[in-house]
Amino acid sequence: MRIGVVTFPGSLDDGDALRAVRLSAGEAVPLWHGEPDVRDVDAVVLPGGFAYGDYLRCGAIARFAPIMESVIDAARGGMPVLGICNGFQVLCEAHLLPGALVRNDRRKFVCRDQRLRIENARTLWTSSYTAGQEIVVPVKNGEGGYVADEPTLDRLEAERRVVARYAGENPNGSYRDIAGVVNERGNVVGLMPHPEHAVDELTGPSTDGLGFFTSVLESVVGA
Amino acid sequence: MTVDTIENAAKTPDDPQPWAELGLKDDEYARIRDILGRRPTSSELAMYSVMWSEHCSYKSSKVHLRRFGELQQETSVGKLLAGIGENAGVVDVGNGYAVTFKIESHNHPSYVEPYQGAATGVGGIVRDILAMGARPVGVMDSLRFGPLDAPDTQRVLPGVVAGVGGYGNCLGLPNVGGEVVFDPTYARNPLVNALCVGVMRHEQLHLAKASGVGNQVILYGARTGGDGIGGVSVLASETFEDSDGSAGSSRRPSVQVGDPFMEKLLIECTLQLFSEGLIAGIQDLGGAGLSCATSELASAGDGGMHVVLDRVPLRDSTLAPEEILMSESQERMMAVVEPASVERFMEICRTWDVRADVIGEVTPAGRLTVEWRGETVVDVPPRTVAHEGPVYQRPYERPAWQDDLEAASPSSLARPSGGDALRETLIRMAASANLCSRSWVTDQYDRYVLGNTVLAQPDDAGVIRIDEESGLGIAMATDGNGRYTKLDPYSGAQLALAEAYRNVAVTGARPLAVTDCLNFGSPEDPGVMWQFAEAVRGLADGCQQLGMPVTGGNVSLYNQTGDTPILPTPIVGVLGVVDDVRSRIPYGFREPGQIIYLLGATRDEFGGSEWAHVVHGHLGGAPPAVDLDVERELADLLYHACRDGLVTSAHDLSDGGLGQALTESVLRHGMGARVWVPDDLDPFVFLFSESSARAVVSVPHGEEVRFTSLCEGRRFPHARIGVVDDAGVLEVQGQFSIPLDELRRAHESRLAQTFGD
Amino acid sequence: MPRVVVDVMLKPEILDPQGKAVHGALERLGFDGISAVRQGKRFEIELDGKEASDAVAEIEEAASTLLANPVIEDFDVRVEP
Amino acid sequence: MPRVVVDVMLKPEILDPQGKAVHGALERLGFDGISAVRQGKRFEIELDGKEASDAVAEIEEAASTLLANPVIEDFDVRVEP
Ligand SMILES: Nc1ncnc2c1ncn2[C@@H]1O[C@H](COP(=O)(O)OP(=O)(O)O)[C@@H](O)[C@H]1O
Ligand SMILES: [Mg+2]
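Protein sequence lines, in the order shown, are assigned to chains X, F, V and C.
What the first sequence shows, in my numbering, is residues 44 to 266, in sequence order.
What the second sequence shows, in my numbering, is residues 5 to 761, in sequence order.
What the third sequence shows, in my numbering, is residues 463 to 543, in sequence order.
What the fourth sequence shows, in my numbering, is residues 463 to 543, in sequence order.
In isolation and in its complexed conformation, chain X is listed as follows (with noise of 0.2 angstroms):
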């Protein structure tokens, strides 16, 4: 299975995402953002980073780079893509998923060792894990606060749409402690924290980030 990871400038974590993919045994796929299309992948991570530098708002100039109309289309379609931190602002940026990320409550860059719980074990990029299960991986972000308005935060959590919450401290000041939210379908996932830092005892705080990449990796062969 073919998991493309795009490059935006400015990317900074694509490396770590395609190693994840490799490392769960799937095949890593670098996309470029100035390519027309995302190919014949079959999945697609957009990783962390400040593309284009985020000055603006985080991911507000990567929705609109080439690549970006044909990975909207193909998540429309069903195809599984995964946002992580600035990926995650560019899928709200791009309305794949609902709310914004805004600055940090604390006003601080910030990045440690976090624990999350995963809410929802039943989306394509979280089917390794069990509801309810605590893992630890970094968290890194400087506007990394999840907002969304009251409505919507009720429907996502009528929906359970909530992946993953912050257990513990919350790092950013995320509403209800949200760290990740599925779009209705199912197959767009947007997560502040990094599992691809959490994919090997010597680099990260644990292997627990691999079951994003072998979830998908599962979900896809199984279907």
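Please note: incorrect hints may appear among the correct ones.
With a cut-off of at most 27 angstroms between alpha-carbon atoms, the simulated BS3-like pairs for lysine-lysine come out as follows [stated by the list, open to error]:
1) C/K473 x C/K503
2) F/K66 x F/K83
3) V/K482 x C/K473
4) F/K29 x F/K15
5) V/K482 x C/K503
6) C/K503 x V/K473
Cβ-to-Cβ under 8 angstroms is the rule here; a few derived chain C residues that face chain X [unchecked claim]:
7) K473
8) P479
9) Q480
10) V484
11) L491
12) A519
It is worth saying that the hints were derived from the structure and are not from the lab.
Beta carbons are placed, not taken as given, at the ideal position from N, Cα and C, and that holds for glycine.
Take the given structure of chain X and dock chains F, V and C with the ligands to it, following the hints.
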């Protein structure tokens, strides 16, 4: 606007020129006239003044720094691939890999505009590393501030930390270590020293020289604007405080704003240019901008270059030629490219959205000429600008007060006696400004990006994997202790070296090479100059004894407020190699039942100690004795213990002594420890002495015999001082015990309380 | 030269930690009588040639797609004299 | 309720990477005829009670120390109707 051409200069020899305002002395100005056989044009004057400033020419420090050049130019792995004089030193680390690293100061700009000053400090050092042909893979930052509770620290520290993080995080370089130290002498004169490390294959090494007549000179990256004009000379030659001490006056140097996204593009673009073999010579633009890049490239190459200044893309069309030459706009590089490669060069720049312009070419004559609107505004021998600036033998003298300082021994200070007093002292120290947890700072830095960070804060050294297959990696640490250096500049510099060396060694790495940033007060003060000379001598002798070259570094002088200089602060960065990062040793107790050993000899040494500072506000006496041979034995012991899997954690002892090392070791994973005081030691000395060449390690239960015979075989002092448990307390038997929660609150809340969550 | 200014502010119901921090800092400096501080962005867009009033419609469009995220922000576009 | 607005913009000679990024993005999106974009900050300060005009002097003072760094930024304080 009339332009001062060389013709005009020849015709008007007596026109008055503002050389003094530009920081030149009268004999320096006379020398320029002498070199040129006429008065300089205003553009030439601009170039000479920035290039002959203290910051660029090292005119006060050069005679001392020569000692570093006399050290052996190889490490235990191999010959240096580049040494002092290049943008950064390059060290062979084996398997065909080379590592380049360097530390540089951005002190004054960081006081004026903390965020941007620190950010552009990181940006500048990253370009130095890039210019060697390497991919930057990590950064570190060594910081000094005034007292923690001083109002100005509230302004400066959060801005500096946000700036280091903002730039480094956005470039995608993991921050793998550094220091934060507070002392009243750094108020209004913070130190921001940034280090970058890069990796390349041997054959990818590039040097800064313009050779090959007819080769094209290309300026690429950001456009040139009016920022930082004159910054270099003004910054480095005078204090930036106005006489009334107020902020924001017009005499303040202008500060640059960094664009890390542009720099990220510049990195990727440059690496592709290297990999396609399109670059014959390269130089980053930093202090002194184009003046520096053109004269240094020409001087190091065939000696001739012609530049058409009109071709420099500008952000502000009203800039005069001298301003363009002096501008310190960030995120620019200059490359020397063979004519046949220019087209492909431009193409690659376009893919990365990086602006590039051919602005000149390499010429045979030994002249650097600059043309503006068809007329020549600069015509100079480039060596006289770049490499043959003034050199001063500044007078130096041991200050009269040094004797009194040494005589003020800490032995008369009241010491805590009894368990309760020791307990209270340990907690107070753990919460003190210089010893409390740094996580408020380090949590703002991305340490995970690139996926190769094996150790970072809070570990003793940063460890980065450079080869996924073999596990080859590098370790880096920076250290410096201004109080020790004030008591004895020679030993102080060696203690900084010893500490950085030890911090690298406790991770299981073999220390290889050194970079340094020498932060001192005014060189015009003979006492300061003595501190400087002694520190250099100490560092050079120390490196010789340890068999490590100094591969490059930076000098920052005039760090003082009024007549009060900062504590003399040589910061030493040590690079080590790790054969296989899978066997690296972190610190922190993890497994109940493991045995705790103290390695090295503990003496009654409190001169310059954190205890004397925190509890008595005292500074006097002699710093701890340095014995670099013992440091080397300790490093060697740790290397073998690590390789054979005999230790599961190791932590070096430095500021705050064993008490602090134990505090950090128990809090890391929330494991308790029961510790006992060896019979031959006083409990207070045992807990708080800062004797050097020591470390605390934990040994798995079954490995005790092998471990102790390793130590005995080497006759290295070792004492079994405790055992790890999960009782949730740090207990010193017969003295006191502290619940970990209480210790954690003391140690971890201080910075957040001060600077806000 | 004609200039169009776009102000972008977080919607009132969205938490504004920066504004809150400025408010706190002002109080510590001894300013009282402040009931709220909000921090937003200001864009100054210089037009070459074009009549500013013609451009306003286009810039309104740009503001709603790029300069502001209507999910969390309000914006205001005006020609500055 | 009286409101004081403080606009803080980078000085013209200082590089404005944010404005540059926005300018580039607007061009890529097909908005042309723009010669420059600068991005700055806007603070809206709500006063309770106090006459806005009395507060302006005080806020000018705060702007130069807290809201802006005069080394690189200009600011403008005004009462908004
Ligand atoms: N400014 C900083 N930037 C990055 N890391 C830092 C900084 N200050 C301290 N650290 C890290 O925090 C940890 C503790 O620092 P310190 O106590 O000074 O170490 P040591 O005493 O071993 O030199 C180390 O891992 C160090 O690298
Ligand atoms: Mg240490």
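Hint check results:
no. : hint            : result
1   : C/K473 x C/K503 : holds (13 angstroms)
2   : F/K66 x F/K83   : holds (24 angstroms)
3   : V/K482 x C/K473 : holds (26 angstroms)
4   : F/K29 x F/K15   : holds (24 angstroms)
5   : V/K482 x C/K503 : holds (15 angstroms)
6   : C/K503 x V/K473 : holds (16 angstroms)
7   : K473            : violated (18 angstroms)
8   : P479            : holds (6 angstroms)
9   : Q480            : holds (4 angstroms)
10  : V484            : holds (6 angstroms)
11  : L491            : holds (6 angstroms)
12  : A519            : violated (28 angstroms)
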